[in-house]
Amino acid sequence: MRSPTPKRHHKAARLLLVAAALLVTGGLYAVVAPATSVAAPTPEETVARGQELFAVSCASCHGLNGEGAGLLNETAPSLIGVGAASVDFQMRTGRMPMANPYAQAPNKQNTFTAEEIAAISLYVASLGDGPAIPDPGQYDPSGLSAAEVAVGGDLFRTNCSACHNFQGSGGALPNGRVAPPLLDAEPIDIHEAMRTGPGEMPVFADGAIPDKDVRSMIAYLDQVHAQPSAGLTLGGLGPVSEGFWGWVAGLGILMLFATWITKKAARK
Amino acid sequence: MAKPTNVDPEVPQGVSPEKADTSLAASAAGGTVGWVDDRVPVSGFGRKALRKAFPDHWSFLLGEVALYSFIILLLTGVFLTIWFKPSMAEIEYEGTYALMRGIPMSEAFASTLEISFDIRGGLLIRQIHHWAAILFVAAMIAHMLRVFFTGAFRKPRELNWLIGVGLLQLGMIEGFAGYSLPDDLLSGTGLRFVDGLIRSIPIVGTWAEFFIFGGEFPGELVIPRLYMVHILLIPGLLLALVSAHMALLVYHKHTHFPGPGRKQTNVVGQALFPVYAAKAGGFFFIVFGVTILMGALMQINPVWLYGPYNPAQVTAGSQPDWYMGFVEGAIRIIPNWEWHLLGTTWSWNIALPGLGLMGLFAILPAIYPFVEAWITGDKSEHHILDFPRNAPNRTAFGVAAMTCYGLFWLSGGNDILATQFGVSLNQVTEVMRVLVFAGPVIAFIVTKRICLSLQRRDHERVLHGSSSGVIVRQPDGGYSEAHAPITTEEAFTLTQHHEPAALEVAPETDDRGVRRRGGKQVGSLRARLSRWFAHGRIAKPTAEEIAEAAHHGDHELEEGDVHELPTEEEAATH
Amino acid sequence: MSLDTSHDHSHVNAPDHPVPDPGLHEEERYTDADERAGARAYRQVVGILAAIPVLAIAFVVAYFAIPIDATLHIFGATMKANHLLLGLTLGLGVLAIGVALIHWSRTIMGDEEVVEYRHSAASPADSREEAAEKWAIGVEQSGIGRRKLLGTGLAGGVGIMLVPAVVLLADMGPWPTAEERKKTIEKTIWAPGVPIVNDVNQVPLRASDIAVGQLINAQPATLFELHGAEFQTEKAKSSLIVVRMELNSIRIPTSRQDWHVDGILAYSKICTHVGCPISLWEQQTHHLLCPCHQSTFDLGNSGVVVFGPAARSLPQLPITTDAQGYLIARSDFTVPVGPSYFERNSENDFKEGDD
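Chains as they are written, first to last, in our numbering: chain L, 1 to 268; chain R, 1001 to 1574; chain E, 2001 to 2355.
Chain R is nowhere near these chain L residues, computed Cβ spacing over 12 angstroms in every case:
id : residue
1  : 56
2  : 70
3  : 105
4  : 107
5  : 137
Selected chain R positions facing chain L (Cβ under 7 angstroms, derived; list incomplete):
id : residue
6  : 1135
7  : 1286
8  : 1294
9  : 1315
10 : 1322
11 : 1413
Derived from the structure by calculation, the hints contain no laboratory data.
Glycine included, every Cβ here is placed at the ideal spot set by N, Cα and C.
Extracted from the complex, chain L is given alone in its bound form (with noise of 0.2 angstroms):
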């Protein structure tokens, strides 16, 4: 879901992050397979076996060789370059494969299991250079001062609650679009689309957000859900929701008080 081939980095680069990302994933995948396995494949099958799933559930929009455009979705975007952390956000999520050619991916439940995506993503980043699946190291919002969280939250407020709304309840985008609400996002998921920018949103990378901001603006909007709220929270859209609950709630209990205070007690 990128616009078609960036050029970011140094083609050198390009050999030596895939190169880097195989052994990262290939070694993260060794650890986590499960035990059972007789033997971990090698990073090399399972790039072979992210191709043959690519050819089942992505090619017919991205294309055979994820250059986009494909038989059923003109408009669906080259996959080359986007990189392993846009495929393990847009699969993870549900995003994608879409069931229909959205103006927006809507996120849905993943069908995919955890090996496929890996599979698909090391597939997909060994077309081109993309930012990486990050390790928990680069989002896991734990061990931060309180000050590193306050300007975590700063952050938040500079770069993202424009459109996902001061408190990531979501907003509105032009032409039907939408900024999801960010309630129910894991820190990976912050993670990832921050770096790799999904569908319209923008790239956050780390030449101007590095690493450990975005830990604190996860740790920020972690904590922030977790405030105690002073009453119930009418949806957290501010002043919309609040005149809307004040003329029914409020006006509206107390004009049913003034019918029983205006009724004549009754009568034989």
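Assemble the complex: chain L is given as a structure, and chains R and E must be docked to it using the hints.
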């Protein structure tokens, strides 16, 4: 103030003289009342006021909600001023709320956090204050609509209506000033909007902007200045106008809805002491209690989530409080009109929806009573309320205005509409651009038709009674519904209204109910308007028609009256 | 006072009632007719009144016993316990006063309706005449009728004193003369060579680190030397959005060929409509949406307006890189940022079709 000159012989009095316990009265006169009366002549007033009649209707309590919310605002507002610091000086927050520690902010915002997190009950009072503000304006508007639709603004109450319009405008400004004080992200965004709005005023825009903000936005003066406006200037004016509003209400005595025994010359209701005093006093506590419960159970304006004002930050769902929503909506849906004239820029895309619409919102209600009186030529006093259906043009106009306001208001939440209903923001905006003009026209036509059919229903009920739900088979095989006659009380209520004639062009003709002052001519436009206004009704049945229908209906229950409802065409010809 | 004054009372005097007024009648209330019902109502009122002290004591206990930061899990949410209990006890207590009073008034107080006569809002004719007479005597005594200049002089004097009253307000703010505007609303702290840094964390921006589709909310590095009102006032004008787009997917006009760095463009973050900060950028359509009033600008086309109430393009900041490859400003904005105003002709600002 006048006192009752005599007593209506038809009507039983609340307390007849023989019932009153003379010894009790005597001891009261000698006790506290006597002590006070020796120094201040209260019994002269009490004699007239204590048994003053106040009519009962739920809609008469809307104005009370506004009054009581205002009192709640004064009480809770005083509490908040104990800690609030109206200062834009920058500090680094080191308070209780961990997620803001180390963030630079104004003292105004920091003290708002202190009230919310460090003062026990502070957050509760803040939330009560904000809910009361929302209720205050809501109740004023609802009260104004009640007065409008029942025609209670007519002579002699036009001045009180004007005071009410002034109260509403002041209430909105007061609310906006309060919304701006905490210096959180929403209030700062709101102030930035006001800065742009003021700057767009043709000719004097930048001057007004620099004078109000003490230079460029945001500067460091606007919050202290708004604080003065919020806690001194406008509350003072509100207090004065509320007093005048109440004094005129007492002097004019309350209007009442039509009904048996209710006349232009009397007022029927509960005595001020004790029943009405208990009800009004009890209602104050109910309004206060409900507002406290709202403050306890419904979070409002969580400034700690918005953060301090930062000119580079904004949040989705940046909206003003609901009562400024119609202006916000107009500013959202206006096309981007900007003129260039002799080297100057005229920003109609802000001035027109902002200042123009706010002006219209003040002026239209203010002139309406006088326009209607001019059209009808009606110079008589009115103390019996209209049923809205009996003034179909007024009611339709009111609903059209409400529709227009409501559509502008909805436009102010076009982003929320788009996300909550899964539609396109751009389409919502474009549809609203048409609807704000088409909606009121449709609303007018539909409302008028509804009013007329309700009048028809009244007409039918008076002549033929109410549907009994009993289906009777005719000898010839047809079916019809038997009708039960309605009570005399209801028949009176449905037929008591006056049907003023339209003004005529010819100045000599002295039609009933129409008198002209020295030599004033009725122009043809005015006569046309008057005819249009007066003819929008179904004539009520005459005494003869009722007598005839009653005679016909004597056998109704035995035989089952074949009564056919008029067709649409017949209804439309009236 | 007589009701029959000389004023219009046509409606009052000529009621047109096809059904005669049946008059008021009262039916006896249950609580009056049935002694048990009356006693029950009495018990209910007293019962509600008795709850009030209980709630008041509960309030005081909650105030002192529950720490202000204690929480409570209720209705599926975490709430502030102190706040909630104070509010509930206080609210229910106050509500109980009201409910008790209303119940008392409806069921126990004698609730027969009373009839009071109205009077015309106007004073009776004789009273009017008397007042007019006294007014005339006063006018005569004042001499204002004979010595015309007295009235004119007084009115003029009071009127002219409004001028000093208004002039006293002239120092409410600086005067936005052409010179003053040049120093304030027509100027920001952007200047040749000022480094562009990310907002909040002040990370300097290296052009080569910026990805296509990236959005950066940026500020001039010099902003962070300022404090208080000066900081806010300058930030309100200098806020910047830096974006990178594919060069072949955007249009760079001839006049702005050297304003960008390899598809990295910088625009004012301040909306030209009423001045909200804008940063809802869609990286594929290149459209930037204002969350306040939904003005939409095309950053792939010099910031022209594509939708909404804004009339002027978003001002673009000419940028370049320094020797180390970090982004810096080439100059200040070429047009004032933020909303239009009367004195400046914005006709020649960049618009669709310009080159």
